[in-house]
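Dock chain E against the given chain G, drawing on the hints supplied.
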Amino acid sequence: MKILVAVKRVVDYNVKVRVKADQSGVELANVKMALNPFCEIAVEEAVRLKEKGIASEIVVVSVGPATAQEQLRTALALGADRAILVESSDELSSLAVARLLKAVVDREQPQLVILGKQAIDSDNNQTGQMLAALCGFAQGTFASKVEVAGDSVNVTREIDGGLQTVALKLPAIVTTDLRLNEPRYASLPNIMKAKKKPLDLLTPAALGVSTASTLKTLKVEAPAARSAGIKVKSVAELVEKLKNEAKVI
Amino acid sequence: MAILVIAEHDNAALAAATLNTVAAAAQIGGDIHLLVAGANCAAVAEAAAQVAGVSTVLVADHPALAHQLAENLAPLVSALGRSYSHVLAPATTAGKNLLPRVAALLDVEQISEIVKVIDADTFQRPIYAGNAIATVQSSAAIKVISVRGTGFDAVAAEGGNAAIETLTGAEDLGLSAFVGEELAKSERPELTAAKVIVSGGRGMQNGDNFALLYGVADQLGAAVGASRAAVDAGFVPNDMQVGQTGKIVAPQLYIAVGISGAIQHLAGMKDSKVIVAINKDEEAPIFQVADYGLVADLFEAVPELGRAL
Chain G
1 MKILVAVKRV VDYNVKVRVK ADQSGVELAN VKMALNPFCE IAVEEAVRLK EKGIASEIVV
61 VSVGPATAQE QLRTALALGA DRAILVESSD ELSSLAVARL LKAVVDREQP QLVILGKQAI
121 DSDNNQTGQM LAALCGFAQG TFASKVEVAG DSVNVTREID GGLQTVALKL PAIVTTDLRL
181 NEPRYASLPN IMKAKKKPLD LLTPAALGVS TASTLKTLKV EAPAARSAGI KVKSVAELVE
241 KLKNEAKVI
Chain E
1 MAILVIAEHD NAALAAATLN TVAAAAQIGG DIHLLVAGAN CAAVAEAAAQ VAGVSTVLVA
61 DHPALAHQLA ENLAPLVSAL GRSYSHVLAP ATTAGKNLLP RVAALLDVEQ ISEIVKVIDA
121 DTFQRPIYAG NAIATVQSSA AIKVISVRGT GFDAVAAEGG NAAIETLTGA EDLGLSAFVG
181 EELAKSERPE LTAAKVIVSG GRGMQNGDNF ALLYGVADQL GAAVGASRAA VDAGFVPNDM
241 QVGQTGKIVA PQLYIAVGIS GAIQHLAGMK DSKVIVAINK DEEAPIFQVA DYGLVADLFE
301 AVPELGRAL
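Keeping their order, the protein sequence lines are chains G and E. Under the working numbering, residues 1 to 249 are what the first sequence spells out, in order. Under the working numbering, residues 1 to 309 are what the second sequence spells out, in order.
Next up, chain G with everything else stripped away, as it sits in the complex:
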């Protein structure tokens, strides 16, 4: 079966982000960018399904600026077969991205679509569920285990308080949680090979999708800093402070 994996270019998770002085957003100039970690897990899961002989082709898609081709090449080096970039330099809402991905799903007709559960920049955790709704597909969110069996897929989900397993009719949407797998590193030969794999460019206009949004970010601020308190010398002093000063025990 064909698997579609959607990925996003985000600020590398090791970068300490800074808010711009004019409060218009987060500083992105000269900041290291990377494949969103949850998306990397999505690519890895697709590659493992191909290695098991379940998947026949992996198409990786990103919606974002022209520079997102770097992240698509990373996904190709990890084992995806071909890539699609829906190019837009605007900051798009999750619903707009879901509409664009729906148009790609219509063209590609995958049996399984795998996405990260959220991007670590906007932290929305929406796109996969929205895409599932727009396509009328079942959804297995926050997956820690994915088992394809015939015309359905069993997804074990990380929920508050434990794990839940659901059986989904294919085609279906899966969003990844951290413990689904540990992504591999791309080998140098695979990075070289990835440069020759096909990468198609599309635009929202070519897909006939409007990306207009009803959401407006008025400002972005640094969170209130928490100041360091005091060091206590002993457990006895700690207990005394908690009882009499903080009054929390």
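Some hints could be false.
Partial pick of chain G residues on the chain E-facing surface, computed with a CB cut under 7 Å [stated by the list, open to error]: (1) N125; (2) A133; (3) A138; (4) T141; (5) L163; (6) V166; (7) L170; (8) L178; (9) L218; (10) K231; (11) K241.
Keep in mind that the hints were calculated from the coordinates and are not lab data. Values in this document were obtained by computation on a predicted structure and should not be read as measured data. Built from N, CA and C at the ideal position, the CB exists for glycine as well.
Below, chain E without anything else, positioned relative to chain G:
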């Protein structure tokens, strides 16, 4: 203007996160209706009718909603949602799973994990793992919003007297089926509802040593959490994880034991009222956010703490 709040429950009891979400609805202002969707969930509906500030409880009791699968529940919520100005759900795994599906069916954008209500259209929410706070305004006809519980003080679970109305129209679309679940059983409070949390990090060295924390936690009536490092090292299961990739908590007292204080952990607990750090490395970043820091070997300090309580 009326606000629809989706209640979180397990068909037996109303989850505490619902009360925080009702609090956010009360700040937006308007008539508050609480939806209880499940199977054999009459007891939950009775409890929901007691929640302070709720005028109407809508009950959808149908076998297809037994496990609140998003595929079956979202069409019901979106059909209902058209009559409301706002649709709110707790930003729990259940709410996060359901709500974007509802928003897309309504063809509106969602605002995730608000921590503050500015006015009926404008909200604050953390982005970049809490390293920035965005103020977002929506001009959507229906505002679909998930609510981070730690941002709002819960409303009273009792004192209300809402009317209970029964809804019909649920059906099994046959897209998905519940297979099973494994829930961790614990006598201790849930992490997100606990007033006191004791958490362990990589410094605990192994899973067995968490027994030290369980002892202290039981004396304090506390929940036990862990850093991602401790989870990744296999000391404890993932559902104990506090942090951006785990649970977001804000108890009255948070005791971090053997936790260095990685950004991703701080994002999950820095809104706690009082933070205590016990770590033998006095340079550990956790001390920069701790109200009370104790530089000590946890294997001596924790048992001593147990005796002192």
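- request: Go through the hint on A138 of chain G and say holds or violated, using the shortest Cβ distance to chain E against 7 Å.
  value: holds, 4 Å
- prompt: Any CB of chain E closer than 7 Å to the CB of K231 of chain G?
  reply: For K231 of chain G, the interface hint holds, since the closest Cβ of chain E sits about 5 Å away, which is under 7 Å.
- prompt: Holds or violated: is the Cβ of L170 of chain G closer than 7 Å to a Cβ in chain E?
  reply: violated, 10 Å
query: Per the CB criterion, is L218 of chain G less than 7 Å away from chain E?
result: With Cβ-Cβ at 4 Å, under 7 Å, it holds.
query: Does the CB of N125 of chain G sit less than 7 Å away from some CB of chain E?
result: holds, 5 Å
field: Restraint check, 7 Å cut-off on beta carbons, for V166 of chain G near chain E
entry: holds, 5 Å
query: Hey, does the L163 of chain G contact hint survive, CB to chain E under 7 Å?
result: holds, 5 Å
query: With 7 Å as the cut and Cβ atoms as the points, is L178 of chain G at the interface with chain E?
result: holds, 6 Å
- request: Identify whether the interface hint at K241 of chain G stands, where standing means a beta carbon of chain E within less than 7 Å of its own.
  value: The hint holds - K241 of chain G has a Cβ within 7 Å of chain E, the shortest such distance being about 6 Å.
- request: Closer than 7 Å between Cβ atoms is the bar; does A133 of chain G clear it against chain E? Give me holds or violated.
  value: holds, 4 Å
message: Restraint: T141 of chain G near chain E, CB-CB cut 7 Å. Satisfied or not?
response: Holds, because the Cβ-Cβ distance from T141 of chain G to chain E comes to roughly 5 Å (cut-off 7 Å).
Of the numbered hints listed earlier, the single one contradicted by the structure is hint 7.
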